[in-house]
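**Student:** If you want the building blocks of each chain, they are given just below.
2 protein chains.
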Amino acid sequence: MKSAEIGIIDVTEYMHAVGKRARAASRLINRASTAHKNAALLAIASSIDTKRNELMNANRVDLEAGREKNLSAAFMDRLELTPARIDAMINGLRQVADLEDPVGAVTDLKYRPSGIQVGKMRVPLGVIGIIYESRPNVTCEAASLCLKAGNAAILRGGSEALFSNQAISECVREGLSAAELHVDVIQVLDRADRDAVGHLIAMNDYVDVIVPRGGRGLIERISAEAKVPVIKHLDGNCHVYIDDRADLEKAVTVVENAKTQRYGTCCTMESLLVARAVAQQALPRIAAKFCSHEVEMRVCIEAGRIIDQALPASEADWKEEYLAPIVSIKVVEGLDEAISHINSYGSQHTDSIITEDFTRAQRFLREVDSSSVMINASTRFADGFEYGLGSEIGISTDKLHARGPVGLEGLTSQKYIVIGDGHIRT
Amino acid sequence: MKSAEIGIIDVTEYMHAVGKRARAASRLINRASTAHKNAALLAIASSIDTKRNELMNANRVDLEAGREKNLSAAFMDRLELTPARIDAMINGLRQVADLEDPVGAVTDLKYRPSGIQVGKMRVPLGVIGIIYESRPNVTCEAASLCLKAGNAAILRGGSEALFSNQAISECVREGLSAAELHVDVIQVLDRADRDAVGHLIAMNDYVDVIVPRGGRGLIERISAEAKVPVIKHLDGNCHVYIDDRADLEKAVTVVENAKTQRYGTCCTMESLLVARAVAQQALPRIAAKFCSHEVEMRVCIEAGRIIDQALPASEADWKEEYLAPIVSIKVVEGLDEAISHINSYGSQHTDSIITEDFTRAQRFLREVDSSSVMINASTRFADGFEYGLGSEIGISTDKLHARGPVGLEGLTSQKYIVIGDGHIRT
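Going down the list, the sequences are from chains R and B.
Position 286 (the first sequence) corresponds to 286 in our numbering; numbering is contiguous.
Position 121 (the second sequence) corresponds to 121 in our numbering; numbering is contiguous.
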């Protein structure tokens, strides 16, 4: 929505107008048929395909401004819309159109002794506020998931991506119109002021949930200030524990993959725990792998006696999410110490055990209090696509509502439905 | 936990000690077997049965203090522990022992194209803080549900019920010990200062969710100040809509029950909507029922032309939760206006349509955005027992996590589990 269009400059009025429109639009998209929603998704994809030049031009304005502001290379990379990234946006929209519509699904409908039938129906959350940083393609991803799940959305991207986001917003509006859905279903804010975010996260009457996507700073600030519930992702301090009944071949393969397949993701292993009984056997092989990848090892005293090339770990290392070619390594007595270490120092994100022992695997699965708990698998699998959610709006480290990768279902809720035939309570 | 026992007077230290103990206890109860948890519930029931005199004596101290403070008759009634109420506590504990244990249930475990199996496991939330007012029996109810769902709990009852709550707490501790579970699983605060609540709702590291139970004032204050997520219940402005294709016999029966079976509950009907085409037929019969129950009617202009004994409704009446023998009545054009009125003025609690029309019933079910949506049934059915949850910790008017009556399942969450055989991501 353009502020100019509604002739409002004051940010409070502007945001309340946005909120009011979103709430009204949510009442319409809530009841839209699956066919309509899919038609809109495909129309948005077509519009983006047709307007590639406009998108690239708008992005160029943002990139130039970014260069003038001396934004970091990593920031500029995230900001850039390449032809391949535009293709990915288009494919993403088509994939979301292919996903099953979660809305309206009725489960557990049963007769009760009173004669009424009671069940649950999956329903949209209502209005979702998404706050993100530099990547303009998030505009498209977030819009598609909110729309398919029957929600209205208010999107607030980074101020550095303003022109790119507005260009994408135009395509989204075109697609919604083409499918005869209300354009206010997806509103992309065109104001860069921080006050807009302050209002967005406090408008309880108009916004049902906030999903912040970005660095820890952004997420902590929003969580601290929000009056609207937040689905959030904080740290990913993920562990692999090599049990003394592990198959060491599997252990070495999984650990190498969990640490080195990609360093910057939240499900990358940051800390390795090894049972004392197999430390002498396992650690030299693993250390050799890490050396070949130039991964810095920060280790406990005991592991330091086995690995030559390592630095001593400090207490802070056990809590650290490096997002870099660094790993902490600790020798533990066995399963109990491993579980207790993970539950104390971990971030409840993703943790894996390598073992052939059935009972220990079962105990790890039940007792580790993380959003994803794994047996003999790389932590790198903690991802919406790998889990079969199709696409994800983020990975939640909260315990309420949604834990782990959040897909379409995480953007919905369930209400009770009751069917009677004139039944009354006695 | 007695403050004297740990030799701490400062409320910050006291609450942090409580939180730390709760977190540690949650790691133990998390993995307790169903048999152990049930044994504890039955042992608590026995302990209460044995200590009836102690409970009554402690309650007498609270009642006397209450009389000196001139607490209202309604308040004194809620505060009192009668032999029947003690029986109800004992039966409640036994019923919770009979409920199925939700913890550890694995669902949707499926192979993915990568070869890993992905599923979900139901797990306890961790530490639950419950804040309630005068009724001491809530101590027992809340303890039993938290315990069965594998959570540790910190219970903070009203200061007027301090002695009663401590006596119940003793029974809970005895029962936990008898079943060899840690006594810190259920901690009942023995401090009456408000600061304790301030800490409880802000201790993110130690508390996973807060459930306030009480009047609107308490719940609003806690929601506004809490840093920990809150599962809350606000208004219950419930509607019945009589469609012009309603069976009027059913309509009259349901409306009478929904309004008059109990006036003070959150699922009592507060507002009646009637389709214009049947208003002339339906309203005189319904008004006669209301008159016989001495229910005050506040009506729109159109309904006022049909019903003689009514007062005119103001705009505020459409939003009001009376919790009293008062009802607002409005004539509407039909289904669309009814849905739009409910979604605008309602409190998203419980709303019911009376109709024989299949398509309209389906539309009402899908389009009314409330935690319970009903067809041809009294709103009074919105209750954990009636829904088959066994028992409820409260009724949530939130959209995230739990909507409607919250039973054992609402005190749990789901984590992802992943099973591989040395699988890595490529």
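Fair warning: there could be bad hints in the mix.
Claimed, not checked - Here are the simulated DSSO-like cross-link-like pairs (lysine-lysine), alpha carbons at most 27 angstroms apart as the crow flies:
#1 R:K232 / R:K120
#2 B:K69 / B:K20
#3 B:K20 / B:K250
#4 B:K250 / B:K319
#5 B:K69 / R:K232
#6 B:K319 / R:K20
#7 R:K20 / R:K250
#8 B:K319 / B:K232
#9 B:K319 / R:K232
#10 B:K289 / B:K120
#11 R:K227 / B:K319
#12 B:K289 / R:K232
#13 R:K250 / B:K232
#14 B:K120 / B:K110
#15 B:K110 / B:K69
#16 R:K120 / B:K20
#17 R:K110 / B:K120
#18 R:K51 / R:K110
#19 R:K227 / B:K227
#20 B:K51 / R:K110
#21 R:K20 / B:K232
#22 R:K232 / B:K250
#23 R:K232 / R:K110
#24 B:K289 / R:K319
#25 R:K250 / R:K227
#26 R:K120 / B:K110
#27 B:K227 / R:K319
#28 R:K120 / B:K289
#29 R:K120 / R:K110
#30 R:K20 / R:K232
#31 R:K227 / B:K250
#32 R:K20 / R:K110
#33 R:K250 / B:K227
Claimed, not checked - Reference listing, derived: stretches of chain R covered by chain B, where coverage requires no fewer than 3 residues with Cβ under 8 angstroms from a Cβ of chain B:
#34 127-139
#35 297-307
#36 320-331
Hint data in this document are derived by calculation from the structure and do not stem from the laboratory.
We put the CB at the ideal spot given by N, CA and C, even for glycine.
**Student:** Quick one, are K20 (chain R) and K232 (chain R) close enough, alpha carbons at most 27 angstroms?
**Tutor:** Between K20 (chain R) and K232 (chain R) the Cα gap is close to 24 angstroms, so the pair holds against 27 angstroms.
**Student:** Decide if the proposed pair is consistent with the structure: K120 (chain R) and K20 (chain B), CA atoms, cutoff 27 angstroms inclusive.
**Tutor:** Violated, because 37 angstroms separates the two Cα atoms, which is more than 27 angstroms.
**Student:** Please verify whether K110 (chain B) and K69 (chain B) have alpha carbons no more than 27 angstroms apart.
**Tutor:** violated (61 angstroms)
**Student:** Take the C-alpha atoms of K227 (chain R) and K227 (chain B), compute the straight-line distance between them, and say whether it is at most 27 angstroms.
**Tutor:** holds (10 angstroms)
**Student:** Would the hint linking K289 (chain B) and K120 (chain B) be met if the CA-CA limit is 27 angstroms?
**Tutor:** Judged against 27 angstroms, a Cα distance of about 51 angstroms means the pair is violated.
**Student:** Starting from K232 (chain R), check that the Cα of K110 (chain R) is at most 27 angstroms away, please.
**Tutor:** Distance ~34 angstroms between K232 (chain R) and K110 (chain R) Cα, so the pair is violated.
**Student:** K110 (chain R) and K120 (chain B) were given as a pair; does the straight-line alpha-carbon distance stay at or below 27 angstroms?
**Tutor:** holds (23 angstroms)
**Student:** Regarding the pair K51 (chain B) and K110 (chain R), is the alpha-carbon distance no greater than 27 angstroms?
**Tutor:** violated (40 angstroms)
**Student:** Are K120 (chain R) and K110 (chain B) close enough, with their CA atoms no more than 27 angstroms apart?
**Tutor:** Satisfied, since the Cα-Cα distance of roughly 23 angstroms is no more than 27 angstroms.
**Student:** If you draw a straight line from the CA of K227 (chain R) to the CA of K250 (chain B), is it 27 angstroms or shorter?
**Tutor:** This hinted pair is violated, its Cα atoms lying about 42 angstroms apart.
**Student:** Does K250 (chain B) lie within 27 angstroms of K232 (chain R) when you go C-alpha to C-alpha?
**Tutor:** Violated, at about 47 angstroms.
**Student:** Just to be careful, I want the Cα atoms of K51 (chain R) and K110 (chain R) compared with a cutoff of 27 angstroms; is the pair within it?
**Tutor:** violated (51 angstroms)
Violated hints for the displayed structure, listed by number in ascending order: 2, 3, 5, 7, 9, 10, 12, 13, 15, 16, 18, 20, 22, 23, 24, 25, 28, 31, 32, 33, 34, 35, 36.
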